[in-house]
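Asks: Listed below, chain by chain, are the residues.
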Amino acid sequence: GAVVSQHPSRVICKSGTSVKIECRSLDFQATTMFWYRQFPKQSLMLMATSNEGSKATYEQGVEKDKFLINHASLTLSTLTVTSAHPEDSSFYICSARDTLGAIGYNEQFFGPGTRLTVL
Amino acid sequence: QKEVEQDPGPLSVPEGAIVSLNCTYSNSAFQYFMWYRQYSRKGPELLMYTYSSGNKEDGRFTAQVDKSSKYISLFIRDSQPSDSATYLCATTGGFKTIFGAGTRLFVKA
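Going down the list, the sequences are from chains R and L. Counting from 1, one number per residue, gives the positions in the first sequence under our numbering. Counting from 120, one number per residue, gives the positions in the second sequence under our numbering.
It is worth saying that the hints were derived from the structure and are not from the lab. Heads up, some of the hints might be wrong.
In silico lysine to any residue, SDA-like type, Cα no more than 25 Å apart, as pairs [said to hold, decoys possible]:
1) L:Lys-189 <-> R:Glu-107
2) L:Lys-215 <-> L:Arg-196
3) L:Lys-121 <-> R:Leu-76
4) L:Lys-161 <-> R:Leu-46
5) L:Lys-186 <-> L:Lys-161
6) R:Lys-66 <-> R:Glu-107
7) L:Lys-215 <-> R:Val-3
8) L:Lys-121 <-> R:Phe-39
9) L:Lys-215 <-> R:Gly-16
10) L:Lys-215 <-> R:Tyr-58
11) L:Lys-227 <-> L:Ser-172
12) R:Lys-64 <-> R:Asp-27
13) L:Lys-189 <-> R:Glu-87
14) L:Lys-161 <-> R:Leu-26
15) L:Lys-227 <-> L:Pro-200
16) R:Lys-41 <-> L:Ser-201
17) L:Lys-161 <-> R:Gly-53
18) L:Lys-215 <-> L:Gly-178
19) R:Lys-41 <-> L:Lys-227
20) L:Lys-161 <-> L:Lys-227
21) R:Lys-41 <-> L:Lys-121
22) L:Lys-215 <-> R:Ala-2
23) R:Lys-41 <-> L:Glu-134
24) R:Lys-14 <-> R:Asn-51
25) R:Lys-41 <-> R:Asn-70
26) R:Lys-20 <-> R:Asn-70
27) L:Lys-161 <-> R:Phe-91
28) R:Lys-14 <-> R:Val-3
29) L:Lys-189 <-> L:Lys-161
30) L:Lys-121 <-> L:Ser-171
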């Protein structure tokens, strides 16, 4: 099956610093990638939709200047949390849509997630 | 009202039990219905998907959709401790996927 990787898997940073998280589709091309945030014992909350070569679409309530998304190639999207604060501590998960998928509903494949802890 | 409602549990069952997980959704335009399994501190993995109403079986797992009542179910037969995870239902009628809150399942040996 299709594989999506994320790096790093875990990061601890000081308040006020910026953190970059990478999401890669390893064996397929993904024109669209999604970024989710998940707090403990809660569901996935879509933050933004990342389209290759264009600006990301952010969900209501998500600060686009704080969560910078870049989707420069068909296999890589990055999420940068700028000036991170303790309340940004969460589990960040990306997913990639296989644009050539034969299933029909454009299956999403999820990365393993990145646990961010801001001290 | 949330677009997809799912009881977060937790649900605890003995090994070998039949597990029933359920969700309801509000938008009749949704066409695809999925179940994801998420182990602790991991990303979700797709278990099954169905299109429109009906049943779909894959080994010990059966997914069921009743569009008339907007009800989605996942049944796990002969549950195993390795089935312990959070199960998320999801649906999509277009571009975005909408997830339920996830039900935490514990299967005790």
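Asks: For this structure, which hints from the list above don't hold up?
Replies: 2, 3, 5, 6, 9, 11, 12, 13, 17, 18, 24, 25, 28 and 29
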